[in-house]
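Visitor: The primary structure of each chain is shown beneath.
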Amino acid sequence: EAGVAQSPRYKIIEKRQSVAFWCNPISGHATLYWYQQILGQGPKLLIQFQNNGVVDDSQLPKDRFSAERLKGVDSTLKIQPAKLEDSAVYLCASSFRGPSPEAFFGQGTRLTVV
Amino acid sequence: AQSVAQPEDQVNVAEGNPLTVKCTYSVSGNPYLFWYVQYPNRGLQFLLKYITGDNLVKGSYGFEAEFNKSQTSFHLKKPSALVSDSALYFCAVRDQRNYGGSQGNLIFGKGTKLSVKP
Numbered sequence: 001e002a003g004v005a006q007s008p009r010y011k012i013i014e015k016r017q018s019v020a021f022w023c024n025p026i027s028g029h030a031t032l033y034w035y036q037q038i039l040g041q042g043p044k045l046l047i048q049f050q051n052n053g054v055v056d057d058s059q060l061p062k063d064r065f066s067a068e069r070l071k072g073v074d075s076t077l078k079i080q081p082a083k084l085e086d087s088a089v090y091l092c093a094s095s096f097r098g099p100s101p102e103a104f105f106g107q108g109t110r111l112t113v114v
Numbered sequence: 115a116q117s118v119a120q121p122e123d124q125v126n127v128a129e130g131n132p133l134t135v136k137c138t139y140s141v142s143g144n145p146y147l148f149w150y151v152q153y154p155n156r157g158l159q160f161l162l163k164y165i166t167g168d169n170l171v172k173g174s175y176g177f178e179a180e181f182n183k184s185q186t187s188f189h190l191k192k193p194s195a196l197v198s199d200s201a202l203y204f205c206a207v208r209d210q211r212n213y214g215g216s217q218g219n220l221i222f223g224k225g226t227k228l229s230v231k232p
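Protein chains in written order, with this note's numbering: chain Y, 1 to 114; chain P, 115 to 232.
Misleading hints may appear alongside valid ones.
A few chain Y residues facing chain P, derived, Cβ under 7 Å [what the hints assert, rightly or not]:
no. : residue
1   : G42
2   : S87
3   : A88
4   : L91
5   : G108
6   : T112
In case anyone wonders, no lab produced these hints; they're calculated from the structure.
In this text, a Cβ means the ideal position worked out from N, Cα and C, and glycines have one as well.
Could you put together the complete structure from these sequences and hints?
Guide: Here is the structure:
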């Protein structure tokens with residue numbers, strides 16, 4: 001079974017620039033998550049999709065972050081404009097529907113804002 | 115508020131010795147608990163989960179975890195540590211605010227670095 005695919009693996013941008021990350025979840029997984037992991041911390045949820053609908057975006061900084069999941073499969077996360085504090089690893093994960101399913105994670109995108 | 119706490123930033127053990135990585139949780143209902151491992155420059159890999167049933171849960175790579183409701187703990191254990199077990203370990207609890215508790219996102223602890231020396 002193919003895992004969660006993310007691209008790019010690494011990205012370096014200047015502050016105030018924009019950046020986009022892409023995620024392809026495991027086939028058949030209805031739920032997709034984007035997490036932000038700052039160095040030395042645990043992952044923190046940014047947004048959760050169920051198919052193509054948003055379940056939870058309460059911790060998404062909506063003035064600069066946006067995400068979409070067109071057709072309920074692939075997803076993109078965008079930051080515009082980026083700030084220095086956005087430097088982190090952005091992890092995408094997916095899970096199937098069931099009794100408290102585990103989430104499967106991609107390798108993440110390491111973003112450095114300079 | 116739902117949360118997990120990992121009280122140790124780092125755990126050091128000698129190869130062949132048993133290891134324990136601690137986790138305590140705080141939830142309003144029945145807890146759904148998880149352990150993940152993260153190797154350098156990699157995503158998180160699922161080890162095991164507790165939903166209901168036996169308090170001792172067995173998972174991948176010889177790891178197991180013991181659920182203790184009275185102590186609100188879910189400690190990760192392995193009888194004999196390997197050098198290759200050295201990594202960052204995360205405990206997580208399911209957020210139960212949505213979908214009746216079973217489909218919410220995972221709330222992670224800050225992680226515990228496990229170092230196994232030969």
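Visitor: Taking the hints in turn, state whether each one holds.
Guide: Each hint, compared with the structure:
Of the supplied interface hints, the one on G42 (chain Y) holds, with its beta-carbon coming within about 3 Å of a beta-carbon of chain P, less than 7 Å. For S87 (chain Y), the suggested interface contact is broken, since its CB lies about 15 Å from the closest CB of chain P, more than 7 Å. The interface hint given for A88 (chain Y) is violated, since its Cβ lies 14 Å from the closest Cβ of chain P, which is over the 7 Å cut-off. The beta carbon of L91 (chain Y) is positioned within 7 Å of a beta carbon in chain P (closest approach about 6 Å), and the interface hint is therefore held.
Against a cut-off of 7 Å between C-beta atoms, the interface hint on G108 (chain Y) holds, since the closest Cβ of chain P lies about 5 Å away. The beta carbon of T112 (chain Y) is not positioned within 7 Å of any beta carbon in chain P (closest approach about 14 Å), and the interface hint is therefore violated.
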